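Enquirer: Here the protein sequences line up with chains A and R, keeping their order. Position 21 (the first sequence) corresponds to 21 in my numbering; numbering is contiguous. All you need for my numbering is the position in the second sequence, starting with 1, plus 112.
Just so you know, the hints here were simulated from the structure itself, not pulled from any lab data.
With beta-carbon atoms standing in for the labels, derived distance ranges:
#1 A:Phe69 - R:Ser124: 39 to 47 Å
#2 R:Glu127 - A:Thr20: 39 to 47 Å
#3 R:Ser124 - A:Gly40: 15 to 23 Å
#4 R:Ser164 - A:Asn77: 38 to 46 Å
#5 R:Gly141 - A:Lys52: 27 to 35 Å
#6 R:Ala180 - A:Asn77: 39 to 47 Å
#7 A:Thr20 - R:Ala129: 44 to 52 Å
#8 R:Gly171 - A:Lys13: 38 to 46 Å
#9 R:Glu127 - A:Ala1: 26 to 34 Å
Here the structure is a predicted model, which means the values were calculated and not measured. Even glycine gets a Cβ: it sits at the ideal position worked out from N, Cα and C.
Given next are the chains, with one letter for each unit.
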Amino acid sequence: AAGVIQSPRHLIKEKRETATLKCYPIPRHDTVYWYQQGPGQDPQFLISFYEKMQSDKGSIPDRFSAQQFSDYHSELNMSSLELGDSALYFCASGSGGAYEQYFGPGTRLTVT
Amino acid sequence: QKEVEQNSGPLSVPEGAIASLNCTYSDRGSQSFFWYRQYSGKSPELIMFIYSNGDKEDGRFTAQLNKASQYVSLLIRDSQPSDSATYLCAVANTGNQFYFGTGTSLTVIP
Numbered sequence: 001a002a003g004v005i006q007s008p009r010h011l012i013k014e015k016r017e018t019a020t021l022k023c024y025p026i027p028r029h030d031t032v033y034w035y036q037q038g039p040g041q042d043p044q045f046l047i048s049f050y051e052k053m054q055s056d057k058g059s060i061p062d063r064f065s066a067q068q069f070s071d072y073h074s075e076l077n078m079s080s081l082e083l084g085d086s087a088l089y090f091c092a093s094g095s096g097g098a099y100e101q102y103f104g105p106g107t108r109l110t111v112t
Numbered sequence: 113q114k115e116v117e118q119n120s121g122p123l124s125v126p127e128g129a130i131a132s133l134n135c136t137y138s139d140r141g142s143q144s145f146f147w148y149r150q151y152s153g154k155s156p157e158l159i160m161f162i163y164s165n166g167d168k169e170d171g172r173f174t175a176q177l178n179k180a181s182q183y184v185s186l187l188i189r190d191s192q193p194s195d196s197a198t199y200l201c202a203v204a205n206t207g208n209q210f211y212f213g214t215g216t217s218l219t220v221i222p
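With the rest of the complex left out, here is chain A (with noise of 0.2 Å):
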């Protein structure tokens, strides 16, 4: 069965510099949810959308925005990156009328 897909696999970055991620969800899924998890921690929730439109925001910084498109991918724009954005990204996509999220392979970021 499909999953969902993540681009980026590593990516390795500067301080200050910029970053974007992306999802694509598992076919048929109209929700995108992304996480941060850093080592050692629990996933953080940052973000969701639903039908395009952002449906949830957690603990998302200033500095990062996110949106979902026609296609219903997603991409996380990471902006004057810190040291302690270094961490695991996941994005994880759903059905609408449930919970249950499906989680794809991460996006492994090193900022130095």
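Using the hints, position chain R against chain A.
Expert: Below, chain R alone, put in the same frame as chain A:
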């Protein structure tokens, strides 16, 4: 108080034994409860979800929900070394926000 709390472990059980993982949550109105398995460096994998009080069984896994006591548990029967992972409890609260616990590390000893 965190929305979702789990014992961080580590929890060690011998192969073939029952592993019992527990989770409590703070929002009494929460309706949806999930267990994810996460191997080191990998993404969380949904293994069980439960919405109603009582037990829900799927193969070797049983999720138990007690809304009055605000806890949800996961039992793994006939534990295998491949079950060794971190198990994350997640709860969707009344605001439809999704919270994870910090996870319980399980080691199944051959």
